[in-house]
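Protein chains: 4
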Amino acid sequence: MNSELQATTEAGRKFVSLAEEHAADFATRADQHDREASFPHENIAALQESGFLAGPIPAEFGGMGVNTLHDISVGMSRLGRGCASTAIAANMHIAAAWEMSRIWRWREQAAPGMAEAVEGLMKGIAAKQIIACGANTEAGTDLSSPMTEATPTEDGYAINGRKMFGTLSPAANLVFSFVRVPEGDGFRGCLAFYPKNAPGVTVLDNWDALGMRASGSHDIVLENLRVPRASVVPGRTWGVMDAGAADTYVSLNFSLACCFLGIAEAARDLAIERATRKKGAKAKMLGERVPIQQLIAEIEIGLATSRAIFDRVAHMADAYFSSYAPGEAPGQEAYAMLKENQIMKWVIQRKAIDIVDKAMTATGGSAYLASSPFSRLYRDVRAGPFMQPFAPYEALEYIGKVTLGIDPQLDR
Amino acid sequence: MNSELQATTEAGRKFVSLAEEHAADFATRADQHDREASFPHENIAALQESGFLAGPIPAEFGGMGVNTLHDISVGMSRLGRGCASTAIAANMHIAAAWEMSRIWRWREQAAPGMAEAVEGLMKGIAAKQIIACGANTEAGTDLSSPMTEATPTEDGYAINGRKMFGTLSPAANLVFSFVRVPEGDGFRGCLAFYPKNAPGVTVLDNWDALGMRASGSHDIVLENLRVPRASVVPGRTWGVMDAGAADTYVSLNFSLACCFLGIAEAARDLAIERATRKKGAKAKMLGERVPIQQLIAEIEIGLATSRAIFDRVAHMADAYFSSYAPGEAPGQEAYAMLKENQIMKWVIQRKAIDIVDKAMTATGGSAYLASSPFSRLYRDVRAGPFMQPFAPYEALEYIGKVTLGIDPQLDR
Amino acid sequence: MNSELQATTEAGRKFVSLAEEHAADFATRADQHDREASFPHENIAALQESGFLAGPIPAEFGGMGVNTLHDISVGMSRLGRGCASTAIAANMHIAAAWEMSRIWRWREQAAPGMAEAVEGLMKGIAAKQIIACGANTEAGTDLSSPMTEATPTEDGYAINGRKMFGTLSPAANLVFSFVRVPEGDGFRGCLAFYPKNAPGVTVLDNWDALGMRASGSHDIVLENLRVPRASVVPGRTWGVMDAGAADTYVSLNFSLACCFLGIAEAARDLAIERATRKKGAKAKMLGERVPIQQLIAEIEIGLATSRAIFDRVAHMADAYFSSYAPGEAPGQEAYAMLKENQIMKWVIQRKAIDIVDKAMTATGGSAYLASSPFSRLYRDVRAGPFMQPFAPYEALEYIGKVTLGIDPQLDR
Amino acid sequence: MNSELQATTEAGRKFVSLAEEHAADFATRADQHDREASFPHENIAALQESGFLAGPIPAEFGGMGVNTLHDISVGMSRLGRGCASTAIAANMHIAAAWEMSRIWRWREQAAPGMAEAVEGLMKGIAAKQIIACGANTEAGTDLSSPMTEATPTEDGYAINGRKMFGTLSPAANLVFSFVRVPEGDGFRGCLAFYPKNAPGVTVLDNWDALGMRASGSHDIVLENLRVPRASVVPGRTWGVMDAGAADTYVSLNFSLACCFLGIAEAARDLAIERATRKKGAKAKMLGERVPIQQLIAEIEIGLATSRAIFDRVAHMADAYFSSYAPGEAPGQEAYAMLKENQIMKWVIQRKAIDIVDKAMTATGGSAYLASSPFSRLYRDVRAGPFMQPFAPYEALEYIGKVTLGIDPQLDR
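Chains as they are written, first to last, in our numbering: chain A, 12 to 423; chain B, 12 to 423; chain C, 12 to 423; chain D, 12 to 423.
Bear in mind the hints are in silico, worked out from the structure with no lab data behind them.
Just so we're clear, the structure is a prediction, and the values are computed from it rather than from any experiment.
Where a beta carbon is used, it is the ideal one built from N, C-alpha and C, also for glycine.
You may find that some hints are simply not true.
Stated by the list, open to error - Cβ-to-Cβ under 8 Å is the rule here; a few derived chain D residues that face chain A:
| id | residue |
| --- | --- |
| 1 | 116 |
| 2 | 117 |
| 3 | 220 |
| 4 | 296 |
| 5 | 300 |
| 6 | 306 |
| 7 | 341 |
| 8 | 375 |
| 9 | 379 |
| 10 | 384 |
| 11 | 386 |
| 12 | 396 |
| 13 | 416 |
| 14 | 417 |
| 15 | 420 |
| 16 | 423 |
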């Protein structure tokens with residue numbers, strides 16, 4: 012009886028298997044990259060080389076053809092076991108590739124030119140020419156209210172602003188950013204994409220954090236970046252999280268949470284390895300002590316819970332994305348989907364933090380030494396609750412409002 | 012988007028739908044039966060009349076043919092919403108009927124005569140002639156070590172002992188009990204079945220508890236009860252929980268936990284109904300207050316977690332029961348299955364208690380009045396952690412031992 | 012080493028010792044009163060007879076002279092061990108007597124006539140002629156916004172309204188109620204007191220709740236109740252919780268929380284008694300099992316925490332009440348005092364619920380039977396979080412606002 | 012109303028005030044030492060220079076004369092606010108100095124020569140000549156069963172072994188270690204002290220941990236270290252934690268837990284500073300949002316709980332140490348004192364971890380950057396549960412056993 016998450020499609024199984032191979036390799040360098048805060052360029056190169064980065068791209072364009080969020084996310088959880096920084100960095104690109112494949116699957120509902128654009132990007136990814144990342148967070152505002160502005164020019168836009176948490180930016184060559192475009196007295200929310208090496212784009216080399224130190228989450232400064240008109244896609248209402256925004260958040264953030272499940276799984280394995288090996292004070296194996304058994308049980312319960320909530324919500328999500336074209340779901344459906352997604356994220360991330368904590372306790376003082384992988388897992392895992400779009404307390408408010416049938420705009 | 016549990020088979024959908032109808036009816040009398048501690052004979056009669064009690068019986072014998080534990084359990088959760096006492100009482104019979112259908116599906120592996128016996132029982136159930144209950148708990152010992160003894164006689168056995176928590180006994184006419192049979196210097200664990208109205212069987216009218224007051228969980232005293240040889244089925248090793256015992260525990264207890272999920276769902280609905288109606292101090296709907304939204308969110312997270320862990324483990328259980336004949340699973344598989352089952356039970360029952368508590372908090376002081384259904388739900392839901400085979404702290408020890416690959420006998 | 016709460020004054024020690032004697036007596040009838048929902052008139056009579064009800068009354072007026080909230084509250088916790096319903100009923104009166112003694116200690120700052128009025132009441136209490144209770148809660152509003160109205164008449168007021176949770180009302184002969192008096196376009200918040208047997212006062216015999224069933228917390232209906240002018244004391248601003256209201260809430264509710272500490276202590280004793288007695292399945296004393304030891308430890312930690320937070324906040328409260336005349340504390344001090352009080356209440360009540368739950372788990376299935384005191388403790392203890400002035404989520408909001416230096420009016 | 016911990020003696024107030032001054036200074040360098048894992052020699056020098064290190068030394072020998080564990084511990088909590096690494100390093104010495112002063116207060120009960128030896132050490136400390144540290148932890152065994160062995164020689168002992176977590180070792184010149192001395196077929200537990208610069212003592216420069224990086228907790232290797240007979244003080248039974256061991260553990264570890272309270276207080280202050288400053292997305296101060304108020308409230312409740320449990324147990328400890336000479340308390344008293352101490356430690360350390368977590372959540376993503384003090388607090392605070400003598404699960408077992416009156420030797 013294997014209680015691990017399993018892919019449900021043939022393409023998914025290959026993707027997951029590939030993730031496991033990469034994870035085993037990445038694990039050997041994870042501590043070093045963490046210590047040096049160095050970007051694991053060789054990991055991303057390996058992921059590109061093996062075709063993993065083309066996982067969600069349809070086979071007809073040269074990708075692996077993994078077409079369910081479930082299987083993609085299972086793969087990301089496996090990657091997270093080896094090196095969480097690499098996993099969240101790779102997830103930036105994988106989520107973008109998934110979104111492209113989604114647009115393409117619904118190409119008959121897409122805006123004119125969109126399908127072609129997306130097809131080109133996907134071919135570029137499959138051809139190992141494109142690595143994409145998003146840069147969306149800004150200080151002092153929320154995702155629905157970007158301050159970065161795309162000012163119309165004669166032939167396109169000039170973009171100015173500053174983005175944070177530009178994970179994967181050292182390796183990416185294509186960047187997506189939420190921007191605002193002046194419209195009447197207000198703004199319209201849009202999505203801009205641009206080459207990382209375009210004039211006006213500066214990736215600062217300033218990522219220095221408690222954990223996820225190898226994720227390259229630098230700031231990205233945009234100064235008078237000129238892009239053609241087609242590179243700014245009209246999107247949502249600026250300043251409110253409408254149904255379209257909810258739809259996008261789910262699609263782009265779903266698999267991210269699973270990287271943290273992978274951290275928890277790695278911590279669990281370490282604790283069990285220790286408990287079944289150590290000869291403690293009185294020459295008793297640690298795992299023979301009932302309190303250690305209980306800690307291990309609490310870890311297993313936590314993992315089982317996380318896997319179950321993932322499994323159930325992932326199937327909901329795949330049903331949702333099969334039913335509605337991007338941005339076309341009725342408001343209540345999109346809100347309900349984001350609600351389920353946030354429940355999943357809430358559970359997985361709190362459980363992951365708790366599991367790492369308990370695994371350290373079960374392991375004992377050696378878990379506190381820098382030479383222990385726990386010293387990395389403990390820091391990496393804390394990144395989860397900071398992830399977009401909601402802080403934990405915001406997620407509660409959102410979930411409650413949707414459940415009660417109230418307009419889910421947060422009181423902030 | 013409906014996040015409720017759903018049956019996965021056509022027969023299951025009918026069973027669940029029937030459960031919903033019954034639940035709506037039972038809910039109208041639940042408070043009264045609770046207050047009077049009266050047994051809801053009319054509810055059990057209705058369940059028999061509608062065919063619900065023949066839910067797991069194959070269609071060829073006149074049953075509904077629900078052949079997955081998943082769907083059976085979903086039905087029990089629905090029943091639990093209306094009247095938890097009735098649900099756990101009915102579950103006694105449903106679990107026995109499920110076990111019969113399981114034996115019959117694996118009849119080629121069964122002991123001689125077993126298939127015929129089971130077929131007869133199932134036909135009796137479908138013909139609305141048999142209602143079965145178990146009586147297994149004894150004071151001062153655990154399930155694997157019954158003190159009730161079946162002493163061999165010339166033509167069968169004489170059984171003496173005292174059982175507790177004989178849920179459904181007022182309505183049942185067939186009783187199952189774990190007994191021990193002397194063997195060498197020790198005992199063998201066996202399963203006995205006997206008519207409730209046989210000489211020597213006394214159902215005391217003594218069930219008086221904090222909650223589940225309408226479940227008829229009386230003590231059953233067996234004094235020189237004579238049964239034929241075929242009525243005592245050799246089972247497990249006495250005094251240890253071996254793989255066969257683990258297998259049986261899962262099969263007989265699986266759906267029980269779901270009755271508590273139903274309690275939680277009822278509490279959730281009450282809280283939401285209140286939050287979207289009440290005009291509080293300052294004429295604001297309760298649900299418009301962020302702290303109430305957060306409480307509702309925590310309830311939803313708890314429910315989503317319970318449903319997800321059920322869904323995943325139920326699918327594991329159905330796969331397990333499709334793979335192995337009763338008692339034939341390899342030890343590690345049976346232990347692993349019971350481990351997953353106990354994780355599920357642990358999560359569902361703690362979450363149910365927590366959900367009722369939070370729903371009461373969200374509702375306010377009126378939830379504390381005897382006229383509120385909460386005053387019943389609060390008492391009923393606390394029964395869960397006392398349910399066999401493990402107390403919560405024992406479950407942790409068991410889960411930990413299995414995970415660590417240690418012999419899962421508890422240190423007790 | 013005794014970790015129980017101890018009185019700190021000589022008068023306090025006598026009060027606590029008396030409480031212990033009463034508790035031992037009340038414990039013998041607690042289950043019966045609970046089952047019958049009968050009011051323990053004989054308990055209240057015994058408390059009056061022994062002088063306990065005159066605990067806070069100065070010795071010069073014939074009372075016991077317990078002049079610290081700390082010692083009074085320790086006494087109430089002892090009473091709570093025996094019968095929580097009696098304890099919270101008695102607390103109604105004790106809190107009122109404490110408030111009178113407080114007013115009298117600061118009589119030089121009191122309004123004209125107040126000291127004399129209070130002196131008369133205290134003498135009446137010491138002479139065993141007066142038993143006082145409050146009736147303040149109303150459906151659909153909060154404590155600071157009573158809807159019960161005192162309409163000025165020629166010679167006083169006519170009061171109309173309906174109060175809930177009139178704990179102790181079967182035995183009281185003097186009642187206090189928050190009322191509003193029309194003032195300009197709005198209202199002024201006032202405190203009215205009146206004889207229970209006055210025309211216009213009807214104590215309904217309708218208390219029927221989940222727990223605290225012997226507390227006599229009936230509704231009290233006031234219909235054209237005529238009182239003289241002096242019986243309505245001008246108090247606070249109506250509709251907001253200003254500093255004066257905060258001051259009153261602390262003074263009148265402080266000792267109430269300790270009744271719940273007493274419940275927790277009773278549950279702890281039961282669990283330990285059981286753990287050191289029971290011979291379980293394999294003839295091992297329950298307490299010899301490590302998981303039971305851990306449960307007992309968690310109970311002890313919970314109790315130690317509750318006692319500690321009580322001890323520290325009670326000393327703060329006694330310092331506060333020694334420093335400021337009633338209603339005269341600066342706003343920030345009164346808010347800060349109520350904040351500390353609410354922290355104490357929050358901790359004690361959640362811990363008490365948790366301790367009862369864990370004690371039941373440690374005890375096993377017998378704790379679920381109606382014959383077990385746990386079946387009463389489990390229901391009684393849940394009353395705590397419903398107690399005035401704040402629900403748990405409101406308490407958090409209040410504590411946070413005061414800590415952040417924000418106006419502590421709740422967003423409701 | 013100030014809810015901070017306060018010293019209760021005049022000497023204590025000076026000590027606490029001095030701690031606050033030092034903490035303000037140390038805070039300016041804490042992040043740098045953390046990042047470099049450099050030992051804050053200048054901090055320890057400043058503590059020596061100001062007389063802080065002579066805090067517990069009687070005034071007659073030139074110390075500050077702080078003679079209650081309560082006040083000493085309050086001082087350590089203040090130091091912990093500024094730099095936790097420095098605080099736990101200084102605590103090594105302070106605890107040793109406290110233990111010396113305790114022995115000296117009970118000098119009439121002390122072994123011959125002990126008073127003189129201790130007097131000499133205390134004068135040396137007051138004269139700023141001695142800084143003491145302990146080195147007691149060893150891999151693969153527990154505190155009561157040291158493997159480091161003192162072999163009798165003609166004129167004393169030869170000591171061999173390896174100690175871990177030699178906190179403060181870079182600055183100390185006197186080291187204390189638990190050792191074993193062969194006795195019959197077994198061993199006797201003893202306490203050895205020796206100059207750090209003695210031949211045979213090697214302090215490795217190998218401390219590299221998740222947090223507490225500036226604490227200098229290096230390994231100390233003892234190879235054929237020769238010490239005179241008087242430097243090995245006979246102590247406890249080897250291999251069991253008897254009453255004498257319990258007595259010593261309380262005395263030497265009591266104040267350590269308070270350093271973690273200081274971390275929690277620092278985290279709280281940062282969160283409040285942030286909440287009352289930040290202009291969030293919609294130009295609203297963070298603290299104006301109810302969910303942030305609730306987080307702050309939970310932090311305040313956690314702090315209030317920690318402070319209260321400290322206050323109460325510290326007063327118990329001071330009463331205990333005033334009643335019994337070192338090692339002379341009856342077994343049940345010593346066990347009970349260690350039980351209370353472990354309850355205090357358990358609460359303070361879990362709450363501290365929780366408070367830092369919640370403070371980070373309230374602060375938002377900036378708390379995850381290396382430039383935020385939170386990135387240090389989050390790592391430092393996790394050291395707590397690893398501290399001697401018990402892991403959290405061991406503490407539960409110990410507390411439970413003592414409560415149940417069972418021999419408190421752990422089942423390990």
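Hints and how they fare:
Proximity of residue 116(D) to chain A is violated relative to the hint, the smallest CB-CB distance being about 33 Å (cut-off 8 Å). Hint on residue 117(D) is violated. Least Cβ distance to chain A is approximately 31 Å, over the 8 Å limit. Interface restraint check for residue 220(D): the shortest CB-CB distance to chain A comes to about 5 Å, inside 8 Å, so the restraint holds. The interface hint given for residue 296(D) is violated, since its Cβ lies 11 Å from the closest Cβ of chain A, which is over the 8 Å cut-off.
About 6 Å separates the beta-carbon of residue 300(D) from the nearest beta-carbon of chain A, less than 8 Å, and the hint is met. The interface hint given for residue 306(D) holds, since its Cβ lies 6 Å from the closest Cβ of chain A, which is under the 8 Å cut-off. A least Cβ separation of about 26 Å between residue 341(D) and chain A goes past the 8 Å threshold, and the interface hint is therefore violated. Of the supplied interface hints, the one on residue 375(D) holds, with its beta-carbon coming within about 7 Å of a beta-carbon of chain A, less than 8 Å.
At a threshold of 8 Å, the smallest CB-CB gap from residue 379(D) to chain A is about 5 Å, leaving the interface hint in force. Violation of the interface hint for residue 384(D) is found here, the shortest Cβ-Cβ separation to chain A being roughly 11 Å, above the 8 Å cut-off. The beta carbon of residue 386(D) is positioned within 8 Å of a beta carbon in chain A (closest approach about 4 Å), and the interface hint is therefore held. The interface hint given for residue 396(D) holds, since its Cβ lies 6 Å from the closest Cβ of chain A, which is under the 8 Å cut-off.
Taking 8 Å as the C-beta contact cut-off toward chain A, the hint placing residue 416(D) at the interface is violated, the least distance being around 20 Å. Checking residue 417(D) against chain A: minimum C-beta separation of about 15 Å lies over 8 Å; hint violated. Checking residue 420(D) against chain A by beta carbon gives a least distance of about 10 Å; that is not within 8 Å, so the hint is violated. Here the hint on residue 423(D) is kept, as its CB sits about 6 Å from the closest CB of chain A, short of 8 Å.
Comparing the model with each numbered hint stated earlier shows that hints 1, 2, 4, 7, 10, 13, 14 and 15 do not hold.
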